[in-house]
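Enquirer: Build out the structure end to end from the sequences listed, making use of the hints.
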Amino acid sequence: MDLDISLKDLSKAFPADLSPDQKAKAQTLFLKRLSVSAHQFFGGKMQTVPMCGLWGYNWFNVWYTPGVSAVSTTIRDDNDTSFALSNRGNLVAVVSDSTRVLGDGDCTPPGGLGVMEGKAFLMKYLGGVDATAICVDSRGKDGKHDPQKIIDFVKMLQPSFGAVNLEDISQPNCFKVLDDLREACDIPVWHDDAQGTACVTLAGLLNALKLAGKKLGDARIVLLGAGASNTTIARLILADGGDPAKMCVFDSKGSLHKGRKDIEADKAYYRKWEICKATNPQAYASEAEALKGADVLIALSTPGPDTVKKEWIKAMAPKSIVFACANPVPEIYPHAAKEAGAFIVATGRGDFPNQVNNSVCFPGLLKGALLVRARKVTDGMAIRCAHSIADFAAKRGIDPENITAKMDETEVFAIQAADVAVKAIEEGVARVKMTWQEAHDQAMKGIEESHRIIDDLMKMGHIKTPPMSMLQEAMDWAVKQVR
18 MDLDISLKDL SKAFPADLSP DQKAKAQTLF LKRLSVSAHQ FFGGKMQTVP MCGLWGYNWF
78 NVWYTPGVSA VSTTIRDDND TSFALSNRGN LVAVVSDSTR VLGDGDCTPP GGLGVMEGKA
138 FLMKYLGGVD ATAICVDSRG KDGKHDPQKI IDFVKMLQPS FGAVNLEDIS QPNCFKVLDD
198 LREACDIPVW HDDAQGTACV TLAGLLNALK LAGKKLGDAR IVLLGAGASN TTIARLILAD
258 GGDPAKMCVF DSKGSLHKGR KDIEADKAYY RKWEICKATN PQAYASEAEA LKGADVLIAL
318 STPGPDTVKK EWIKAMAPKS IVFACANPVP EIYPHAAKEA GAFIVATGRG DFPNQVNNSV
378 CFPGLLKGAL LVRARKVTDG MAIRCAHSIA DFAAKRGIDP ENITAKMDET EVFAIQAADV
438 AVKAIEEGVA RVKMTWQEAH DQAMKGIEES HRIIDDLMKM GHIKTPPMSM LQEAMDWAVK
498 QVR
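Numbering (our numbering), first residue to last: 18 to 500.
Don't read these hints as lab results, they were simulated from the structure. Incorrect hints may appear among the rest.
[As the list claims (entries may be wrong)] Pair by pair, the computed Cβ-Cβ distance ranges are:
no., residue 1, residue 2, range
1, Asn-344, Pro-37, 18 to 26 Å
2, Pro-298, Thr-482, 56 to 64 Å
3, Gly-160, Trp-80, 40 to 48 Å
4, Lys-49, Gly-73, 27 to 35 Å
5, Pro-37, Met-477, 22 to 30 Å
6, Pro-127, Asp-458, 12 to 20 Å
7, Asn-75, Gly-120, 49 to 57 Å
8, Glu-356, Arg-413, 43 to 51 Å
9, Glu-356, Lys-270, 25 to 33 Å
10, Asp-196, Lys-270, 22 to 30 Å
11, Thr-90, Ser-269, 51 to 59 Å
12, His-468, Phe-77, 45 to 53 Å
13, Glu-200, Asn-75, 17 to 25 Å
14, Gln-489, Glu-200, 50 to 58 Å
Source: prediction; values computed, not measured. Heads up, the beta-carbon is just placed ideally off N, CA and C, and yes, glycines get one too.
Expert: Here it is in structure tokens:
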């Protein structure tokens, strides 16, 4: 093992006498242990570095007072100039109240900082986008989390940012926060858990169905979990041609259908009620019943590895597709799903084949929205991004172990950005216009600059090299836990 951890081959680094289940568990434990050690070593992941230079102390009079007064008055007279005269045009606020962090639930407001800094890191490296992690306390005097506090906060901060990425907000608050802010704000407000996950899931599904010789409109699709991710996945699949009569969504109390009076009565869950009204006319009584003969299972529910049962997969249609995307542990491990007969298996993790993770989506999509100074991200822009990802992968070649684009395929982010930018212009939500090629070239330039900056910081020692002992300690610890 070396510092260039090959996650695809990570399981080979573990002792050969470990079973497949032990290796899968050890991988998770290793990555968690290493993550804590590495974060402590670096003190986090992000820092502030100037874009401008200093060629003598008189330049402070340009970057600050008195010269900067002209910048302030120019923006005062035309607020849109703030996108060009400050970093606002390439700056995203990553906002969370940390009430549903990955699969770990409410981690308290500062508990989400690791994930939000991670989003900022991915945006910078993959999309050439600057981002700031902002974790807020949304609790009211009664101790309950109040979605209105997040809404008001984002409304107040929008003059400083070009876009907002909402993250890890529990349902049902996440629905109200996103829907209210999409309409109230004059910059894009994007909920990555919901829209980002839906975008990459749709992309992966399109290519998986292509390999299975099936069409989206003909596929019987079962979704396990009815949180922000799966409800949005369902909505985008239907908007892109899925058949609502062939779709069934399950929450913790059973399948969603018109008879779920508990959901109808709770106005906060209006997104779930929309699905109840539109899908599952059969009103399936159980997951086992719904999955008999189903073509697709999309699970974003309780972390496994035994949430999804092997017998459910065995009863699915030939060439079945299983997306087990709970984090940090999938609802069923890929090897187990394959043993049960699944044709294609995807998870949300990079150490297994077919990672379906929003990291392949949001850096490029938000870059595209920023390039044209979009006022919002529409469902049409999200669906276009999904097809952009799927088309990119299909063009370079797909197979059952490789259905979608990966984070190390730099070009896909520039292509997404250009496709999204053009779609924003078509839908009338862009402040500025440009050609597809102009958007692509600007996006690619920003991405390549970000790569060079990080590479230079590493080469010059401004980013320290972690010791090999850190990796070895994490590996030894993980193996000890599973023996």
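Enquirer: Please go over all the hints and tell whether each is borne out by the structure.
Expert: To see whether the hints hold, each was checked on the structure:
1. Between Asn-344 and Pro-37 the beta carbon distance is about 20 Å. The supplied range of 18 to 26 Å therefore holds.
2. With their beta carbons about 59 Å apart, Pro-298 and Thr-482 fall inside the hinted range of 56 to 64 Å.
3. Evaluation of the 40 to 48 Å hint for Gly-160 and Trp-80 yields a pass: the beta carbon distance comes to about 44 Å.
4. The hint said 27 to 35 Å for the Cβ distance between Lys-49 and Gly-73, and at roughly 48 Å that hint is violated.
5. A hinted range of 22 to 30 Å is violated for the C-beta pair Pro-37 and Met-477, which are about 43 Å apart.
6. At about 39 Å, the beta-carbon gap between Pro-127 and Asp-458 misses the expected band of 12 to 20 Å.
7. For the pair Asn-75 and Gly-120, the supplied restraint of 49 to 57 Å holds, since their beta-carbon distance comes to about 54 Å.
8. Between Glu-356 and Arg-413 the Cβ separation comes to about 29 Å, which falls outside the hinted range of 43 to 51 Å.
9. With their beta carbons about 30 Å apart, Glu-356 and Lys-270 fall inside the hinted range of 25 to 33 Å.
10. Taken as a hint, the range 22 to 30 Å holds for the pair Asp-196 and Lys-270, whose Cβ atoms sit roughly 23 Å apart.
11. At roughly 56 Å, the beta-carbon separation of Thr-90 and Ser-269 lies within the given 51 to 59 Å, and the hint holds.
12. Taking 45 to 53 Å as the suggested C-beta distance range, the pair His-468 and Phe-77 does not conform, at roughly 30 Å.
13. Taking 17 to 25 Å as the suggested C-beta distance range, the pair Glu-200 and Asn-75 does not conform, at roughly 47 Å.
14. The given range of 50 to 58 Å is respected by Gln-489 and Glu-200, whose C-beta atoms sit roughly 52 Å from each other.
Violated hints, listed in ascending order, are 4, 5, 6, 8, 12 and 13; each of the other numbered hints is respected by the structure.
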